[in-house]
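Taken in sequence, the protein lines are chains A and B. With this note's numbering applied, the first sequence corresponds to residues 1 to 441, in that order. With this note's numbering applied, the second sequence corresponds to residues 1 to 179, in that order.
Treat the hints as calculated values from the structure; they're not laboratory data. Take the hints with a grain of salt, since some may be wrong.
DSBU-like, lysine-lysine: derived pairs with alpha carbons at most 30 Å apart [said to hold, decoys possible]:
| # | chain 1 | residue 1 | chain 2 | residue 2 |
| --- | --- | --- | --- | --- |
| 1 | A | K145 | B | K87 |
| 2 | B | K42 | B | K127 |
| 3 | B | K42 | A | K126 |
| 4 | A | K121 | A | K152 |
| 5 | A | K127 | A | K141 |
| 6 | B | K111 | A | K126 |
| 7 | B | K87 | B | K127 |
| 8 | B | K72 | B | K130 |
| 9 | A | K152 | B | K111 |
| 10 | B | K90 | A | K152 |
| 11 | A | K145 | A | K93 |
| 12 | A | K121 | B | K111 |
What you are looking at is a predicted structure, and each value in this text was computed from that prediction instead of being measured.
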Amino acid sequence: MINTFKNFSYRSVASIPKLEVTMVLEATMICIDNSEWMRNGDYTPSRFQAQAEAVNLICGAKTQLNPENTVGVMTMAGKGVRVLVTPTSDLGKILACMHGLEIGGEMNLAAGIQVSQLALKHRQNKKQQQRIIVFAGSPIKHDKKLLEMIGKRLKKNSVALDIVNFGEEDDSKTEKLEALLAAVSNNDSSHIVHVPPGPNALSDVLISTPIFTGDGEGGSGFAAAAAAAAAGGVSGYDFGVDPNLDPELALALRVSMEEERARQEAAAKKATEEAGKQENEGEQQSNSQDTTMTDQVIAPVSEADTKKNDMMDEENALLQQALAMSMDDPSSSQDLRDTDMSDAAADDPELALALQLSVQDSTKDSASQSDMSKLLTDQSFVSSILASLPGVDTNDPSVKDMLASMQNQSEVSSLNFIGANRNIPLAWIINLTFFLMLCLC
Amino acid sequence: MSAESAATNMLRSQVDLLDFIDWSGVECLNYNSSHPLPNAVKQGYREDDGLNLESDADEQLLIYLPFTQVVKLHSIVVKGPEEEGPKTVKLFSNREHMGFSNVNDFPPSDKAVLSSDNLKGHPVVLKFVKFQNVRSLTIFIEDNQTGSEITKVLKIALFGTTVETTDMKGLKKIEDHQH
């Protein structure tokens with residue numbers, strides 16, 4: 001969980017302006033290229049699969065932008081130009097029609113666009129703006145003049161056109177598509193995107209383009225959410241919570257995120273002062289975001305209850321300490337950790353879970369091992385514990401031997417001690433006591 | 001619209017129907033976005049000869065004007081420049097959401113071929129009987145005077161009467177006279 005979030009770019013998080021998106025009422029027809037050229041594997045897993053994935057994402061994006069948006073799908077190759085589903089707002093129907101599509105034949109771009117235009121003309125809600133999205137993967141056999149005429153007709157009927165140029169590449173294809181776009185283009189509502197084959201998935205490349213984001217800020221909110229979804233495999237909502245379903249929780253999480261960031265900066269400064277380890281700051285920030293169980297998408301903070309703020313402060317402080325511990329940061333005060341963790345964990349079972357998760361994840365880093373060893377190497381601490389136990393003399397050589405062996409043992413078996421944070425020292429003490437009893441008897 | 005014009009004879013029934021246009025439903029196809037429809041139709045803009053409505057991809061224009069109430073259309077004025085002004089204008093009454101593809105599927109309610117006189121502001125009188133019950137008007141400008149690529153329109157004005165208002169005022173007057 002932590003690793004996937006680490007890969008997410010922090011820059012795009014900061015660039016998301018707002019949660020609300022402007023509603024552009026649109027009817028879209030998507031033209032799929034299912035010709036023989038789509039068998040090629042230069043896009044993973046194959047051109048056709050990459051295209052299908054992109055289509056699914058677009059459908060989701062459009063229907064989310066505005067519940068009254070409709071999307072239709074048609075194929076341009078195969079047995080012939082065929083409309084799979086007429087413009088509908090039912091996302092399930094659209095996605096279902098993508099199953100069982102066969103590859104074959106040759107793409108007929110002109111016929112495809114004309115049929116799309118017809119399908120859009122007969123849309124139910126005449127108030128919707130018309131848009132066609134074409135996936136052009138195979139070479140284009142029509143000449144430029146014809147494409148320009150088609151483009152002009154689209155412009156005349158105020159239909160916008162988005163072209164995704166991928167797959168086969170030759171100069172004339174690019175030139176023809178650019179000419180088509182120029183003929184259609186009216187107010188920059190039409191776009192073309194060239195996607196060369198490469199390691200990035202077709203859908204990932206498209207997410208940042210105006211095809212997803214719309215003409216203005218219109219889709220940027222969703223685009224970022226979709227990007228987060230693609231990166232993290234979570235649903236395309238901020239913080240994994242639908243703001244419509246649970247606005248208070250979404251708001252609380254958002255506030256918590258902001259508070260956490262503020263805390264992080266304060267703690268980071270503190271860390272540099274105390275430990276002088278400045279390189280940890282960046283890591284701490286990204287890790288703290290990981291463990292606060294949220295997506296990386298942030299919406300601006302609207303006014304929150306002060307009561308919620310106080311709770312967030314406490315929780316954030318604790319989370320931060322959990323992190324500091326997992327990050328092997330000596331500046332974190334371990335005493336505080338124990339008491340605060342136990343208090344907070346007692347109050348809030350969810351927080352305890354979060355702490356457990358963070359600790360469990362960090363066992364892979366073997367950070368807690370070092371904590372344990374730190375505890376044990378702290379001679380004063382060990383001797384104080386031992387002194388408090390009845391019948392133990394710290395100067396006893398057997399005790400000293402046992403201590404040495406305990407240190408070695410802890411590095412190997414510290415994993416066994418990991419349960420809940422608050423139980424670690426207790427478990428250790430119990431184990432130590434037991435061992436002592438065995439030795440001395 | 002006003003009581004006086006309703007009371008006077010039918011020849012002077014022309015009221016500028018600009019006030020009855022439902023602006024939220026106005027549509028125009030194939031216009032150049034820097035020269036939009038309000039330039040030709042809206043008060044103030046249409047009087048300004050510097051502002052005009054221009055076509056974009058080719059010389060045809062399709063304008064859809066819904067009204068806030070039922071009107072009777074008597075005549076229209078279409079002003080434009082000598083060369084690029086519109087020539088053949090087809091009017092369709094009560095047909096919604098027409099496109100260029102189906103515009104020739106229906107016979108027009110009226111058709112006007114504009115002369116240069118008309119382009120200077122002389123109104124074109126329409127077949128009044130065909131426009132008795134107009135909820136919306138579609139104006140299809142098919143071509144222009146010289147066959148140039150772009151059609152330019154300076155002003156479009158509609159004249160006629162409203163239906164309900166006339167009746168109500170008429171009723172009121174009769175009652176007054178009786179008493």
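Results of checking the hints against the structure:
{"no.": "1", "hint": "A:K145 / B:K87", "in the structure": "holds (28 Å)"}
{"no.": "2", "hint": "B:K42 / B:K127", "in the structure": "holds (25 Å)"}
{"no.": "3", "hint": "B:K42 / A:K126", "in the structure": "holds (24 Å)"}
{"no.": "4", "hint": "A:K121 / A:K152", "in the structure": "holds (16 Å)"}
{"no.": "5", "hint": "A:K127 / A:K141", "in the structure": "violated (35 Å)"}
{"no.": "6", "hint": "B:K111 / A:K126", "in the structure": "holds (26 Å)"}
{"no.": "7", "hint": "B:K87 / B:K127", "in the structure": "holds (18 Å)"}
{"no.": "8", "hint": "B:K72 / B:K130", "in the structure": "holds (9 Å)"}
{"no.": "9", "hint": "A:K152 / B:K111", "in the structure": "holds (26 Å)"}
{"no.": "10", "hint": "B:K90 / A:K152", "in the structure": "holds (22 Å)"}
{"no.": "11", "hint": "A:K145 / A:K93", "in the structure": "violated (37 Å)"}
{"no.": "12", "hint": "A:K121 / B:K111", "in the structure": "holds (25 Å)"}
When each numbered hint is compared with the structure, violations occur for hints 5 and 11.
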